[in-house]
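Engineer: Chains as they are written, first to last, in my numbering: chain A, 7 to 377; chain B, 7 to 377; chain C, 7 to 377; chain D, 7 to 377.
The set of hints was computed from the structure by calculation and includes no laboratory data.
On a predicted model such as this, the values are computed, not experimentally measured, just so you know.
A hint or two may mislead.
If several chains are the same, the list does not tell them apart, and a pair holds so long as it fits within one copy or across any two.
Straight-line C-alpha distance at most 30 Å; calculated DSS-like pairs for lysine-lysine [stated by the list, open to error]:
#1 104 - 318
#2 93 - 104
#3 91 - 104
There are 4 protein chains.
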Amino acid sequence: MGSSFGQLFRIMTWGESHGGGVGVVIDGCPPRLELSEEDIQRELDRRRPGQSEIVTQRSEADRCRILSGVFEGRTLGTPISILVKNKDAKPEAYSEIKTAFRPSHADFTYEAKYGVRNWQGGGRASARETVGRVAAGAVARKLLGKLSQGRFEIIAYVTQIHEVVARIDRASVRPEDVERNAVRCPDGAAAELMTALIQSVRTEGDSVGGVIECVIRGLEAGLGEPVFDKLEADLAKAMLSLPASKGFEIGSGFAATRMRGSEHNDPFEMQGKRVRTTTNNSGGVQGGISNGEDLYFRVAFKPTATIARDQKTVTASHEETTLTARGRHDPCVLPRAVPIVEAMAALVLCDHALRQRATAISDFGNRIAES
Amino acid sequence: MGSSFGQLFRIMTWGESHGGGVGVVIDGCPPRLELSEEDIQRELDRRRPGQSEIVTQRSEADRCRILSGVFEGRTLGTPISILVKNKDAKPEAYSEIKTAFRPSHADFTYEAKYGVRNWQGGGRASARETVGRVAAGAVARKLLGKLSQGRFEIIAYVTQIHEVVARIDRASVRPEDVERNAVRCPDGAAAELMTALIQSVRTEGDSVGGVIECVIRGLEAGLGEPVFDKLEADLAKAMLSLPASKGFEIGSGFAATRMRGSEHNDPFEMQGKRVRTTTNNSGGVQGGISNGEDLYFRVAFKPTATIARDQKTVTASHEETTLTARGRHDPCVLPRAVPIVEAMAALVLCDHALRQRATAISDFGNRIAES
Amino acid sequence: MGSSFGQLFRIMTWGESHGGGVGVVIDGCPPRLELSEEDIQRELDRRRPGQSEIVTQRSEADRCRILSGVFEGRTLGTPISILVKNKDAKPEAYSEIKTAFRPSHADFTYEAKYGVRNWQGGGRASARETVGRVAAGAVARKLLGKLSQGRFEIIAYVTQIHEVVARIDRASVRPEDVERNAVRCPDGAAAELMTALIQSVRTEGDSVGGVIECVIRGLEAGLGEPVFDKLEADLAKAMLSLPASKGFEIGSGFAATRMRGSEHNDPFEMQGKRVRTTTNNSGGVQGGISNGEDLYFRVAFKPTATIARDQKTVTASHEETTLTARGRHDPCVLPRAVPIVEAMAALVLCDHALRQRATAISDFGNRIAES
Amino acid sequence: MGSSFGQLFRIMTWGESHGGGVGVVIDGCPPRLELSEEDIQRELDRRRPGQSEIVTQRSEADRCRILSGVFEGRTLGTPISILVKNKDAKPEAYSEIKTAFRPSHADFTYEAKYGVRNWQGGGRASARETVGRVAAGAVARKLLGKLSQGRFEIIAYVTQIHEVVARIDRASVRPEDVERNAVRCPDGAAAELMTALIQSVRTEGDSVGGVIECVIRGLEAGLGEPVFDKLEADLAKAMLSLPASKGFEIGSGFAATRMRGSEHNDPFEMQGKRVRTTTNNSGGVQGGISNGEDLYFRVAFKPTATIARDQKTVTASHEETTLTARGRHDPCVLPRAVPIVEAMAALVLCDHALRQRATAISDFGNRIAES
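Same shape as in the complex, but just chain A (with noise of 0.2 Å):
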């Protein structure tokens, strides 16, 4: 339990990082909505291992296959089941961990979970398991474009990796100015600072960490469930969830607690016949639901687990022992998880905006309106 995810738009992940493959279904998607195994396939090679030298190069292509749902190029409101192959594994290059727990990892947990795990590799607890959320947030996209008819926006990139921290504006940056670089930093200055830090840092088996932001642009107000349901909690549960992910920060986050009130209140105006604020603090966010300003948060990331280092561990029989990680890995998951961020932001909000629709005042009072 715990592999679903989502009310309305719902989806099922399934699948180890050595095995048949790794999957989603996806339960909820309103029918005829144009889709193409390339929509789904273009945000998989943005999280695809191999694709730069700043990653792992485990070699996978990662061909996506829509296995149902969709019938001539279109969804038929029925689920939609995506398999996605794995084809380089080597689970020899793991048996060192078949015993041993490594550090930081999820082996001892697993273990003391379920009794049982998959060793070869990081089983479900790998990143590879992320697959099946991008694959589902391309959907959601493609969904929320045509909700929105075409304004709806998500771009998330790296804004900070270890000390290195890029200046970025928020409100003009550009999907084509994160994919500039591998690091997807839109920052160049600092995105080269960054590849050569990663750079070095996996010469030296060591790993670092970092920070990646988001923001949405096109949404509507009204969108979030108060108030358990509020749209920043189920931000924030979708970014937890993800591997080696450590805090998230709404708008103002954590810099609001040395604030006073007075500098912190958004001040509202009108725009033309809009009601917007003229600052942000709260992040495209009040009291749970989305106020129609540009939604932000910012995502931590630790330094990747699995180092090229000795480190002191014990086995599952209870013996201490060293242990030098030898599988191929990231020294640094931002670059890959920026496409991650983004498909779960997607899925978060897509959910939300179908949710929204049972009730929506505005067509709630039009069907009214017509009798």
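Put chains B, C and D on the given structure of chain A with help from the hints.
Structural biologist: Chains B, C and D only, in chain A's frame:
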């Protein structure tokens, strides 16, 4: 939709700040747990307005009544309905906000979402809504105590108010250290500075935010359900669903982004018969599952949106205006938020403890072994 | 767990037959629906004990109070909490059943499941639990009326008591025909026989069962969610969740098992601009989705388990004994079950109407068309 | 939405009759259960088309593949993805129904709901969809066997085809009695009549329905969650979610409506150390909770809608027309529905067994007792 929380220990809260009352129904509490109104009242009293000089002076006794699910002092296994009536409602105090949107409150977004709102106070967006959470959390906490045979402990406290940062030894802090002062900060010197700051801020008609940390001890390994219902994901959702919260971090949190893997990883070692980690940057959770170490996290709260200053805003009929809020309020929400953070953490952990019982390998093995 | 019902129009009921009261919280009711306590009271009065000579004489006014979610006569979109206090509790009347299990009641199974039970009456297994269902159903019914612009109609009635079978024209029966007599059977001649039978059975200290039919008119085509949440599946669940129900059939039901496909199939034809079927063996549902024809189903109720006769049973300490039930009871549950069947049907249809709104193609098309 | 089933043992099925395949993902299966593709294949073979002369001759090997969740022959506790590819698709056979709605099929309602449908066969409304149910049911059945230490048994069989009614001793019927003939009726004489009837009906281009009974033995007392998730409620939903089912009854069912309470009540008695009932009109369930007696229920199936006769209907463009269905079909669905009924019952019971484990008083007591 959105007022339910939990899968197995499931609650539904209800109630506006002004109306018949507030309350909660708990569905899924196991039978035969000793439970009294006093168990619940104790926690409600910690949340209650008017409890000290530094919180809002709204006077509510907040007496709870258990209406169902308890018989002769023990739970029946059936839904537990808890009611707290509203007393000191002064709706006339809110007449000004009937039409004008208070900056950084939920007035505008509720109007956008629902097309109607209870303008007598914050309605459902008021912090008064948390009464139901605290009542349910008291039951969850009692159940966790029983399930863990008394080992389970959950302690939240204020670690920062605006620029005042406390020094607290997370490993040794006790509940009585927290309750020693009105600000609920176990560092006495810092608490004095914080109290002075809050009082001075109130005089200025302003407000401040801060950080609450929460530590959980005595948690068994194996709680948390990958991949979406990771323990830290459900905790993050719980905390970001709280009024005024802007951020969440677990273990090393945002500080992890400036560490290397070789520093951040928590080596395993044997301590007697137990597998332990020598450091605890993970914060007690690995791969979304508890590892038996102390679990700890921090929550960022913004400065209270209600301030006694003139503020620029617009009306429901889209005219710009100036607003001075006059309702009673907390210049700083953190002291009263401490029991609320604990309650939400208890709800998450209790739900996961029951979920784990459903499939736990130890039980499973035992049952088989009996045959 | 198990006291929640519905996905989007979600209710949680609570309360034992003897205790503080019974009630329900509705989460997911759309905003701006006109709603008063009278709307709810009207349905509760139809369910109320003591309303006629042929039902239990337990005297409960069953006055409801709306505690939240309604403001100035309209729903807020927030949870609606409805409370009905218990009044005429005579727990001492139940002292005999404190230890002995009443045959075909839930005493034994509650003890087996929970290890504890409220022996003062039926506890949670009492039909009194249905107060919350009827209250929530009244809200659902009102919403369905609004969504359908008044076309929606739901009418249940008694068609059989023991061997007495009524003749009723399902197509033309009206609510006032049902309410014309205490037994709620629109066939006046049959109703007289039924009334006489129930009175004679009561004199004998015995009880009888029967069948309730329910017809729903004005339902739009397209409600129901294949494959598990088919409309008839959710209706079947709703009806089998009622105390004393033993069977459910939709459309031709069990009679279909003796028909050939060539007789049973409902041919399509055009009636003006509408696609209609010339017969309606399907009962208004095909493939789990409403087809716009009248939806109808029947529910079988067993004879009341409480009888005034000596009965063989065992005690909680596993000794055989003889029991004479003395609590007040209904010699036949059907007259009072009529509004309960309607309430559950309304809850199912209301939930599906909102679910359909979330993804409905017409809205979807319209939104796009606007651009 | 609607392709998920279960709370803790949760499945999501996917797939159309013509397309890449059909399948299921199971989330919530406990770890360390021995499981192989053969366990699943065995049940799929009982559902498979072409298995005998009296079922559809569509030829599908229906070989299943487990893609995840199983490692070295045991479950991992992670999602189990099972895939069955479609082979013998002849979409061209369905060109006539591209535009015309088949009477009493789901063509019209899918069009009304979704505005699009896969007209190559029944799409998602095809009985082929049940492959995923049967595969998941095989896993549930295996788990129930383990949890009950082999005592659990579930046996369904045909008791009636059209006017032919079998005589079967519910208490003693064994699985091998059911599998002895193609019609899956343990009464050999009746089975011969049924077979002859089905063959004659096929020759006439017509179809017949009937009744399947299912008995469950070895069920512990205490399963079922009042008030909405009563065991019979969830079973009713499961059965009415099956294609072609029109009715459900548990225990005495509709026959109870013609009994008196004094006849119908099941007296308790002691049998050794066990509390038993001397009769079993309750059908093994009281107050929604299993009482340890055999649980039994019956499901009504209508005659197959696909017949080889001219039928009046209308087209998608609202013109009246005449249709002769030519696709391969079953003249009677019941023989192949037997394993499907068993599978759905297993899914319901397995889910409830896990739910009961979460809060079961015996475990609860034991844990405390250990301290």
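Engineer: Decide, hint by hint, whether the structure agrees.
Structural biologist: Comparing the hints with the structure gives:
no.	hint	verdict
1	104 - 318	within (16 Å within a copy, 61 Å between copies)
2	93 - 104	within (21 Å within a copy, 39 Å between copies)
3	91 - 104	within (23 Å within a copy, 33 Å between copies)
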